[in-house]
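*Asks:* Sequence:
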Amino acid sequence: MTGRKLVQHLAGWRCLAAVLLLTHPAFAQGPVSGVVFADRDGNGRRDAGEPGIERAWVSNQVDVSASDASGAFTLPGGGNGVVFVSVPDGYRVVGSFWRAVTPETAAAPITFGLQPAARVEEFTFIHASDTHIQASAVPRFDRLRAVVDSMKPAFVLISGDLVRDALRVGEAEARGYYELYVRESARLTAPAWNVPGNHEIFGIERHLSLVAPTHPLYGRKMYRSYLGPDYYSFTYGGVHFVGLNTVDIADLFYYGHVDSTQLVWLERDLAGVPPATPVVTFNHIPFFSSALALGGYTEDPPAPTLIRVNGRDQFRHVVSNARDVLAVLRDRPYPLALGGHFHMRERLEYGTEGGRRTRFEQTAAVVGPSGSEGMRMASGVTVYRVRRGEVSVGEFIPLDPRDGSRH
Numbered sequence: 019m020t021g022r023k024l025v026q027h028l029a030g031w032r033c034l035a036a037v038l039l040l041t042h043p044a045f046a047q048g049p050v051s052g053v054v055f056a057d058r059d060g061n062g063r064r065d066a067g068e069p070g071i072e073r074a075w076v077s078n079q080v081d082v083s084a085s086d087a088s089g090a091f092t093l094p095g096g097g098n099g100v101v102f103v104s105v106p107d108g109y110r111v112v113g114s115f116w117r118a119v120t121p122e123t124a125a126a127p128i129t130f131g132l133q134p135a136a137r138v139e140e141f142t143f144i145h146a147s148d149t150h151i152q153a154s155a156v157p158r159f160d161r162l163r164a165v166v167d168s169m170k171p172a173f174v175l176i177s178g179d180l181v182r183d184a185l186r187v188g189e190a191e192a193r194g195y196y197e198l199y200v201r202e203s204a205r206l207t208a209p210a211w212n213v214p215g216n217h218e219i220f221g222i223e224r225h226l227s228l229v230a231p232t233h234p235l236y237g238r239k240m241y242r243s244y245l246g247p248d249y250y251s252f253t254y255g256g257v258h259f260v261g262l263n264t265v266d267i268a269d270l271f272y273y274g275h276v277d278s279t280q281l282v283w284l285e286r287d288l289a290g291v292p293p294a295t296p297v298v299t300f301n302h303i304p305f306f307s308s309a310l311a312l313g314g315y316t317e318d319p320p321a322p323t324l325i326r327v328n329g330r331d332q333f334r335h336v337v338s339n340a341r342d343v344l345a346v347l348r349d350r351p352y353p354l355a356l357g358g359h360f361h362m363r364e365r366l367e368y369g370t371e372g373g374r375r376t377r378f379e380q381t382a383a384v385v386g387p388s389g390s391e392g393m394r395m396a397s398g399v400t401v402y403r404v405r406r407g408e409v410s411v412g413e414f415i416p417l418d419p420r421d422g423s424r425h
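My numbering numbers the first residue of the sequence shown as 19 and each following residue consecutively.
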């Protein structure tokens, strides 16, 4: 077995183990504790002389706790069955940044090894979206991988619709897409940071999926079982990156919304970030988009523009409570908000009192061009360069030669 095949084999077993853990019947997650340490040799275990890391932030997606001088942390009960470390600046994660938590494992200490790395002031990252992986789409993913190989970014942000579909299909088919995505994304030569899109939400169109709401992987749980937390953060190069889940569920429909638990978590996460640190968010359904005007409004299924949720109209394809998120970020440098969903490259910019400006940018779909004649949207990814906290305007890289050069 080659080294690459061994990595892929182990990745597959890790995902299977996570699925088995997180499909345990529902339980009230109790307190968890553990340690964050400097894995100097990157071997994934704590050896003699490897110290704990102080003030590394760990979360269960509800509470956020800082490690003490020895690297030890404790989180209270609650959460979504996962615990993650917000990887701090100057470190790279060894193995996975998250762990599954079940009744059987909750009492065991959780260990996160972080390998010290040089702090950088300049770096490049790629924003990709809408890979919609299935067997026939693997060649499109290969094009993304070729761009990553060529540009050698620090990491890739992939903002949802990772798989062909989990909304409308049964468990076996949805699992197959997830497992394919895990294998293909493991082949990228840069770290991939994922967030879910609407197509990752398992089974909620029940008239098509024939999945009951009591299924242990229903809704967001399948995503968490394979890919971990559906919202989280990390810091790199002096910038705090926050992945959000902007896909909420109302019975048979998804819609654009950030729930109250996530908003509270965001406030707690940012409390541990110095006020002058720039924040970049990435999520699937965007906060704002001109695509609503381009596509027009419709009341007709399967994708009405508005739905009624708890007596209020909610947008399905932009975040209905975007202003609630912006309110949490109001006192922060917030240069860039990234989204996907519409399969088109777009940039909106807003200025607020005090001179703060935020760019709301979407990237196109990896899976292929979209739209119709006269409004054909190129397939591609967007590259950003960061220098001392300043984030460049994105450079769009088409994935099809006929769509022209970079722009």
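It is worth saying that the hints were derived from the structure and are not from the lab.
Mixed in with the good hints there might be a few duds.
For lysine to any residue, the following SDA-like pairs were computed, each having C-alpha atoms within a straight-line distance of at most 20 Å [what the hints assert, rightly or not]: (1) LYS170 / GLY194; (2) LYS170 / ALA210; (3) LYS170 / ARG158.
Since the model is a prediction, treat every value here as computed from it, not as a measurement.
*Asks:* All hints are to be evaluated individually against the structure, with a verdict given for each.
*Replies:* Consistency of the hints with the structure:
Among the hinted pairs, LYS170 with GLY194 is inconsistent with the structure: their alpha-carbon atoms are about 29 Å apart, more than 20 Å. About 12 Å separates the Cα atoms of LYS170 and ALA210, which keeps this hinted pair within 20 Å; it holds. Of the supplied pair hints, the one linking LYS170 and ARG158 holds, its CA atoms being roughly 18 Å apart against a limit of 20 Å.
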